[in-house]
Amino acid sequence: MYAVIMAGGGGTRFWPLSRLKRPKQLLNILNDQSMIQSTISRLEGVVEKDQIFIVTTAQQTAEIQAQLPFLKSDNLIIEPKGKNTAACIGLAAVFLKRIDPELVMVVLPSDHRIENEDQFRKILQAAEQMAVKENFLVTIGITPSYPATGYGYVQFDKLLADENSIPIYAVKTFAEKPDIKTAERFLNCGDFLWNSGMFIWKVKTILAEIEKSMPELYDGLMEIDRSFGTSQQQAVLQRVYCQIKSISIDYGVMEHSDNVCVVKGDFNWNDVGSWDEVYKISPKDQHKNVVSGNHLLKDTKGCLIDCRDRFVAAIGVENLIVVETEDALLICPRDRAQDVKDMVELMKRKNFDQYL
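When we follow the working numbering, the leftmost residue of the sequence shown carries the number 3, and every step to the right adds one.
Please keep in mind that the hints were generated in silico from the structure rather than gathered at the bench. Nothing here was measured: the structure is a model prediction, and the numbers come from that model. Quick reminder that beta carbons are idealized off the backbone N, C-alpha and C, glycines included. Heads up, a few of these hints could be off.
[Said to hold, decoys possible] Think about it this way: if two alpha-carbon atoms lie no more than 35 Å apart in a straight line, the pair counts; the simulated DSBU-like pairs of lysine-lysine are: (1) K206 to K23; (2) K352 to K303; (3) K160 to K206; (4) K83 to K160; (5) K303 to K206; (6) K74 to K214; (7) K179 to K282; (8) K183 to K206; (9) K350 to K303; (10) K282 to K83; (11) K183 to K343; (12) K303 to K174; (13) K99 to K124; (14) K206 to K179; (15) K343 to K83; (16) K266 to K343; (17) K51 to K303; (18) K179 to K300; (19) K282 to K352; (20) K247 to K174.
[Said to hold, decoys possible] Just the calculated beta-carbon pair ranges, DEER-fashion: (21) D164 to E328: 24 to 34 Å; (22) V134 to D329: 25 to 35 Å; (23) D34 to K247: 19 to 29 Å; (24) E328 to P169: 46 to 56 Å; (25) A237 to R338: 35 to 45 Å; (26) A330 to D34: 40 to 50 Å; (27) D329 to L161: 51 to 61 Å; (28) A237 to Y357: 26 to 36 Å; (29) Y148 to P71: 37 to 47 Å; (30) Q235 to E320: 47 to 57 Å.
Whole structure, please, built from the sequences with the hints as guidance.
This is the structure in structure tokens:
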């Protein structure tokens with residue numbers, strides 16, 4: 003089994019710590035490893051290091067190679083521009099097709115937290131068997147613990163197989179990110195899972211599904227494939243990527259396929275998508291604060307404060323996020339953590355590029 007790690011995102015919800023050249027997947031946010039290092043570490047015993055491929059942008063390659071010295075340059079797949087997961091995964095599949103179209107690829111985001119790594123590896127191996135024996139597109143779903151509006155959902159149906167005590171189910175439907183009432187209904191139904199964005203399939207299977215559901219993308223990928231090893235390779239890649247539509251693999255392929263199954267990812271998962279998510283999974287003091295650095299707090303509750311190079315005094319504040327770097331300071335309510343991404347977009351429009 004080969005692994006494709008999607009690591010091209012900007013991590014804008016983690017500004018000001020996350021920047022263009024060093025986004026959140028390259029930061030030590032949760033422990034002494036960066037998020038991409040943790041992602042690769044948990045593949046040990048399932049995927050050989052020389053069978054790991056990273057899809058990223060040119061801006062991030064130097065830092066990735068510094069953090070992952072074992073990674074050969076041939077195992078870095080450089081996207082000219084971020085065009086969502088359908089293009090990213092399709093490009094990786096074209097690269098791996100040249101090795102062997104029959105091989106199984108596991109596709110993983112680079113910024114997830116998984117606590118039970120042994121169970122995660124068992125689930126990958128069970129999913130691999132379904133991809134090999136039945137040519138399924140396998141996705142990993144997470145049993146929801148609350149009515150989340152920030153995730154897509156997968157509704158599972160009948161039991162298809164039991165691979166080494168790992169049940170695998172048919173997929174009934176996919177659902178886009180819901181409003182709160184719909185999310186509550188999904189939770190109460192009991193047969194909906196969060197869509198984790200982790201997938202397992204054969205290279206030839208996903209390319210065939212892309213050809214069926216996204217023929218324009220497939221044609222572009224085949225043009226890229228034909229250019230490999232020629233003097234026009236980079237020019238073709240740039241031109242095709244400019245024309246590719248930005249569509250997720252879920253919307254572009256998975257929702258239209260009748261060849262999808264799902265395995266429950268019961269391994270204590272978290273999509274660390276914002277500062278508030280970091281707050282939720284971090285150890286807290288007696289007043290439910292998460293604090294890094296030298297500090298003194300009075301009547302302060304429910305705050306995340308990450309100011310490691312400066313003494314912080316806080317009085318009478320609640321449920322705030324305060325994050326400082328050398329050149330920037332973020333202050334926002336915890337329940338507005340998702341809006342940090344919008345602030346970064348505003349900074350772009352206002353030409354504050356030096357802080358991006």
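Quick rundown of the hints versus the structure:
no.	hint	result
1	K206 to K23	33 Å, holds
2	K352 to K303	34 Å, holds
3	K160 to K206	26 Å, holds
4	K83 to K160	39 Å, violated
5	K303 to K206	53 Å, violated
6	K74 to K214	33 Å, holds
7	K179 to K282	21 Å, holds
8	K183 to K206	39 Å, violated
9	K350 to K303	33 Å, holds
10	K282 to K83	32 Å, holds
11	K183 to K343	24 Å, holds
12	K303 to K174	43 Å, violated
13	K99 to K124	25 Å, holds
14	K206 to K179	29 Å, holds
15	K343 to K83	19 Å, holds
16	K266 to K343	30 Å, holds
17	K51 to K303	44 Å, violated
18	K179 to K300	39 Å, violated
19	K282 to K352	32 Å, holds
20	K247 to K174	27 Å, holds
21	D164 to E328: 24 to 34 Å	53 Å, violated
22	V134 to D329: 25 to 35 Å	50 Å, violated
23	D34 to K247: 19 to 29 Å	40 Å, violated
24	E328 to P169: 46 to 56 Å	49 Å, holds
25	A237 to R338: 35 to 45 Å	44 Å, holds
26	A330 to D34: 40 to 50 Å	24 Å, violated
27	D329 to L161: 51 to 61 Å	54 Å, holds
28	A237 to Y357: 26 to 36 Å	33 Å, holds
29	Y148 to P71: 37 to 47 Å	40 Å, holds
30	Q235 to E320: 47 to 57 Å	55 Å, holds
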